[in-house]
Amino acid sequence: MHVLICGGTGCKSSNSLQIIENFHNILKEKGLQDEVQVIKTGCFGFCEKGPIVKIMPDNTFYTQVKPEDVRRIVEEHLVKGRKVPELLYMNPENKEHVSDSKHMDFYKKQIRIALRNCGFVDPENIEESIARGGYEALAKCLSEMTPEQVIAEMKASGLRGRGGAGFPTGLKWELCAKNKADQKYVICNADEGDPGAFMDRSILEGDPNSIVEAMAICGYAIGATKGLVYIRAEYPLAIDRLKIAINQAREYGLLGENILGSDFSFDIELRYGAGAFVCGEETALIHCMVGQRGVPTL
Amino acid sequence: MTKVKSLADLKAMREKLQSTLDVREKAENPESLVQIKVAMATCGIAAGAKQVMEHMMNKASELGIAAVFTQTGCMGYCHAEPTLEVRVPGKDPIVFGHVDNNRADEILTKYVQNGELVEGIIPVNYETIDK
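If you read the protein sequences in the order shown, they are chains U and X. Take the first sequence: its letter number 93 is residue 93 in our numbering, and every next letter is one higher. Take the second sequence: its letter number 10 is residue 1010 in our numbering, and every next letter is one higher.
I should point out that these hints are in silico values taken from the structure, not numbers from a laboratory. Keep in mind that this is a model prediction, so the values were computed, not measured. Note that beta-carbon positions come from the ideal geometry of N, C-alpha and C, so glycine has one too. One or more of the hints may lead you astray.
The following label-pair restraints were derived from C-beta to C-beta distances [as the list claims (entries may be wrong)]:
1) X/Lys1016 x U/Lys226: 30 to 38 Å
2) X/Val1124 x U/Leu270: 56 to 64 Å
3) X/Asn1114 x U/Lys226: 53 to 61 Å
4) X/Gly1115 x U/Arg71: 25 to 33 Å
5) U/Glu21 x X/Gln1113: 41 to 49 Å
6) X/Val1124 x U/Gln149: 52 to 60 Å
7) X/Ser1061 x U/Gly133: 17 to 25 Å
8) U/Gly133 x X/Leu1063: 47 to 55 Å
Okay, the calculated bits of chain X under chain U, using three or more residues with CB under 8 Å as the criterion [unchecked claim]:
9) 1017-1024
10) 1067-1080
Extracted from the complex, chain U is given alone in its bound form (with noise of 0.2 Å):
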């Protein structure tokens, strides 16, 4: 069995990683630790009733779970097999309790695609990524395709970007890859300053591979060997755990010097900004991250 324990900013702030540290020592003392792995996962996007433990394989959903409910978890759910039905996530509209995720009105009709690996894989620990396929597409690149291939399958995919633009992505690395340059950068705009908007955080937190992969990608494409992330110093926890991703892919050779055994080259560097609205803008944004006042060019 895997227990799934929300490490997200949301659920960290109420406390998930005692609940994380009881279930380690509880399990331990009864012996089953070796039976059951406690995994500190992503965000589950249900901030609202956190921390949040789900139980794998039946998908138990546990809401708003104190440290102390951890022992009733472990002797019942974990031992027993019986749930338990205060934690379990209540429907607001009958209120009953719902046996599992699957059965939840909130996770019924999302199919994940960005967020796919999030609150899924330990974020921290680059192989759960690896073992869902996380840089099998950098690799088809580097092996079996040329720049000007990934660029015209960007562009049959359809991708756009999210920011309201919605420029197409092909488009946009085409224009790069054409320009010349002496040194070309691919930037991850991180900069995330909308109210109540935490895309960026999310997927940072929950799935720092994939970002780390999609740079590179775009990188071999354009012809930049160096990346650079534009985040807000604010995102403490998603800058952590970006840095163990960069770490272990250049562990792995998956960034860095001949990734892949291949002769591309291409590592990433983090720019830090002060929270300013106005610095996602994307002119506004370079001027921050090379020193200047951090406007757009008018």
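Assemble chain X onto chain U, guided by the hints.
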């Protein structure tokens, strides 16, 4: 850490690592897999349900059967423990009683793989509302 040198290496690595996520991958889509619920209340545990479950899990992966194992509370058949419910996709669930390691093997090789019924079936007298 030795560096990954090619797509083939990466794929081989993925194959090796995949089993670590098995429990979670299967949970994504349990309806399409064989679901086996083992009654693990006091009566079941006392009768050895845990050992049978472990044995069965190993056997299933040995035979390459994609099955999800869950534990459940007492199903009310304390006289026939260990009991387990087997739900093959598209079929009604069947409950087997007095399951020891040998019968567990039989259930997997005969019932799950070939659809033959084996000894020890308990007529199901309950329905789940959870549809």
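Next on the checklist: I'd like to know which numbered hints this structure contradicts. Please list them from smallest to largest.
Outcome noted: Violated hints (numbers, rising): 4 and 8; every other hint is consistent with the structure.
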